[in-house]
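Chemist: Listed in order, the protein sequences are those of chains A and B.
1 is the number of the first residue of the first sequence in this note's numbering; add one for each residue after it.
1 is the number of the first residue of the second sequence in this note's numbering; add one for each residue after it.
Be careful, since some hints might not be right.
[To be verified] Between beta-carbon pairs, the in silico distance windows are:
| hint | chain 1 | residue 1 | chain 2 | residue 2 | range |
| --- | --- | --- | --- | --- | --- |
| 1 | A | Ser23 | B | Ser5 | 30 to 40 Å |
| 2 | A | Thr201 | B | Arg107 | 48 to 58 Å |
| 3 | A | Glu138 | B | Glu42 | 23 to 33 Å |
| 4 | B | Val35 | A | Asp236 | 45 to 55 Å |
| 5 | B | Lys106 | A | Lys165 | 15 to 25 Å |
| 6 | B | Gln74 | A | Asp161 | 26 to 36 Å |
| 7 | B | Glu133 | A | Asp121 | 41 to 51 Å |
| 8 | A | Asn125 | B | Asp12 | 23 to 33 Å |
| 9 | A | Asn190 | B | Glu42 | 55 to 65 Å |
| 10 | A | Arg269 | B | Lys106 | 33 to 43 Å |
| 11 | B | Asp98 | A | Asn356 | 49 to 59 Å |
Simulated from the structure, these hints should not be mistaken for lab results.
Keep in mind that this is a model prediction, so the values were computed, not measured.
Note that the Cβ used here is the ideal one computed from N, Cα and C, for glycine as well.
Listed here are the chains, written in short residue letters.
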Amino acid sequence: MLSNNVYLIGAGETKYGELWEKSLRDLAVEAGLKAIENAGIYSKDVQILYGSNSLAGIINGQENIGSLIADFSGIATNNIPAVRIEASSASGGAAVREAYLAIRSGEYDVVAVGGVEKMTDIFGNEVLDMLSSLLDREWEAFFGATPAALAAISARKYMKDFNVKKESLAMMSVNDHANASLNPHSHYKNKITLDQAMNATSVAEPLNLMDCSPITDGASAVVLVSEEYMKKNKLDGVRIISSAISQDYLALHSRNSLYTLDSTRAAARDAFMKGGLKPSDISFAEIHDSYSIYGLMELEDLGFAAKGKANTLVEEDIKLGGRLPVNPSGGLKAKGNPLGATGVGQFVEAFLQLKNKADKRQVKDARYGLLHNMAGTGSTSIVHIVGGE
Amino acid sequence: MGELSRFWRESDHRYRIMANKCGNCGKVYFPIRDVCPQCHRESIGKMKPLELTGKGEIVSFTIVHEAPPSFVRQRPYTLALIKLDEGPTLTGQIVDTDGSNVEIGKRVRAVFRRIGEDGKSGIIQYGYKFALE
Chain A
1 MLSNNVYLIG
11 AGETKYGELW
21 EKSLRDLAVE
31 AGLKAIENAG
41 IYSKDVQILY
51 GSNSLAGIIN
61 GQENIGSLIA
71 DFSGIATNNI
81 PAVRIEASSA
91 SGGAAVREAY
101 LAIRSGEYDV
111 VAVGGVEKMT
121 DIFGNEVLDM
131 LSSLLDREWE
141 AFFGATPAAL
151 AAISARKYMK
161 DFNVKKESLA
171 MMSVNDHANA
181 SLNPHSHYKN
191 KITLDQAMNA
201 TSVAEPLNLM
211 DCSPITDGAS
221 AVVLVSEEYM
231 KKNKLDGVRI
241 ISSAISQDYL
251 ALHSRNSLYT
261 LDSTRAAARD
271 AFMKGGLKPS
281 DISFAEIHDS
291 YSIYGLMELE
301 DLGFAAKGKA
311 NTLVEEDIKL
321 GGRLPVNPSG
331 GLKAKGNPLG
341 ATGVGQFVEA
351 FLQLKNKADK
361 RQVKDARYGL
371 LHNMAGTGST
381 SIVHIVGGE
Chain B
1 MGELSRFWRE
11 SDHRYRIMAN
21 KCGNCGKVYF
31 PIRDVCPQCH
41 RESIGKMKPL
51 ELTGKGEIVS
61 FTIVHEAPPS
71 FVRQRPYTLA
81 LIKLDEGPTL
91 TGQIVDTDGS
101 NVEIGKRVRA
111 VFRRIGEDGK
121 SGIIQYGYKF
131 ALE
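The following block holds chain A by itself, in its conformation from the complex (with noise of 0.2 Å):
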């Protein structure tokens, strides 16, 4: 008998960008249709569907995402179970996660995901007050705080404790950029210098424009499935080695750390343990940069460098080519961050690296991936590790 290992057998997604003359509707069902054909299987034979999306019910006014992604699949009489999965900017890596967990249970063999996010049908400051929703309403944000003030705090503490220049954390954004340049759906395609990710408009001291993923419009989908079903339709895809998520406070201030990720030192440490490896079995990242300062502090609590030494990484070794490259996607910085497709975004990279089909910006023998997908400021992390065979 087959193990119920899990495989991701096919990926797809829309441009991520302003995408004014499409719909919530239009991006999911553009990606969801894209995975499927690209998996080699027809949407009759998904057994259930996970759409995932963070702010769709303010943004947008549309809540019922399940419904509406199915519905507009062409798979509303089908009558398989759709829902969605909501654990804010971490929406996607989520969605995934119960997708890989549905198929572990042996409850079913064909999953779909489809994260979407259409954040442009909103004015420009009005956005911002929407984004603080990620944070606590009633303690952060009622007081003036958005996700960029607030990493801009862990950003400030951070340098002073460390002694790190602010060069360091632009580093992450012009890595991104070089990359994103690379990547046929990214946002941006213009690469940045380190001078222009210095000198951008200030956001919240000491983060700039630069420092900061935009506000992006975009779906990513993928298709799991059981390794039974794959070997037995003669299906090609890539393993889901492991999934962890892990919980932190949900307030900046209650946690322990400005900028020690708990929630992400948990999802690391038992991603690799559930996968028997190590950081340094990992040929490339895709990491939550939503704020390049996150970036260091990521690359540290996911075990890639310790505390406070993160900038020597970022500085020498995380571009395609080096010793590990880091967001060959773009990253939320430049691939854009629709918030319910990024997580599920970083699979269709990591299938493209995985699959040796990321042409220009493929990661030389890419072997295993790891993707990091966080809340807000760090209240939920997801860490999947994929690859390996």
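Given the coordinates of chain A, work out where chain B should sit on it, guided by the hints.
Modeler: Using the frame of chain A, we list chain B on its own:
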């Protein structure tokens, strides 16, 4: 967001910085909690109200330039994490300064101020901000 009860429900805590203290381990929480994350069931029914002095020090801060609609008129504003003398850390603005003399570690005290308003004709929300000592 025109829901009035959302605002008056927290008035005690926002006007007087009412915290609570675990009757089991003595740790002070702000905002208040029904259960102590350290003592769990041993703390249930033993969380006692405690009014804080509002004095503390700056853990870290930022000067915010990109703000949501209800804070646009205040920008740039200084937002900080303040560690209060009784233990809890909270998020609040530092006022009566342009931010240039704000530093990590400086002492602050709470002041009662307007925080925001619910649109042009909506209710005005009050609560704590902080001033340098």
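Chemist: A separate judgement is required for each hint: does it hold in the structure or not?
Modeler: Cross-check of the supplied hints:
1. Ser23(A) <-> Ser5(B): 30 to 40 Å: holds (34 Å)
2. Thr201(A) <-> Arg107(B): 48 to 58 Å: At roughly 32 Å between Cβ atoms, Arg107(B) and Thr201(A) fall outside 48 to 58 Å, so the hint is violated.
3. Glu138(A) <-> Glu42(B): 23 to 33 Å: Since Glu138(A) and Glu42(B) have Cβ atoms about 27 Å apart, the given range 23 to 33 Å holds.
4. Val35(B) <-> Asp236(A): 45 to 55 Å: holds (49 Å)
5. Lys106(B) <-> Lys165(A): 15 to 25 Å: holds (23 Å)
6. Gln74(B) <-> Asp161(A): 26 to 36 Å: holds (29 Å)
7. Glu133(B) <-> Asp121(A): 41 to 51 Å: About 46 Å separates the Cβ atoms of Glu133(B) and Asp121(A), which means 41 to 51 Å holds.
8. Asn125(A) <-> Asp12(B): 23 to 33 Å: holds (31 Å)
9. Asn190(A) <-> Glu42(B): 55 to 65 Å: At 57 Å between Cβs, range holds.
10. Arg269(A) <-> Lys106(B): 33 to 43 Å: 37 Å Cβ-Cβ, so the 33 to 43 Å window holds.
11. Asp98(B) <-> Asn356(A): 49 to 59 Å: Because 55 Å falls inside the window, the suggested range holds.
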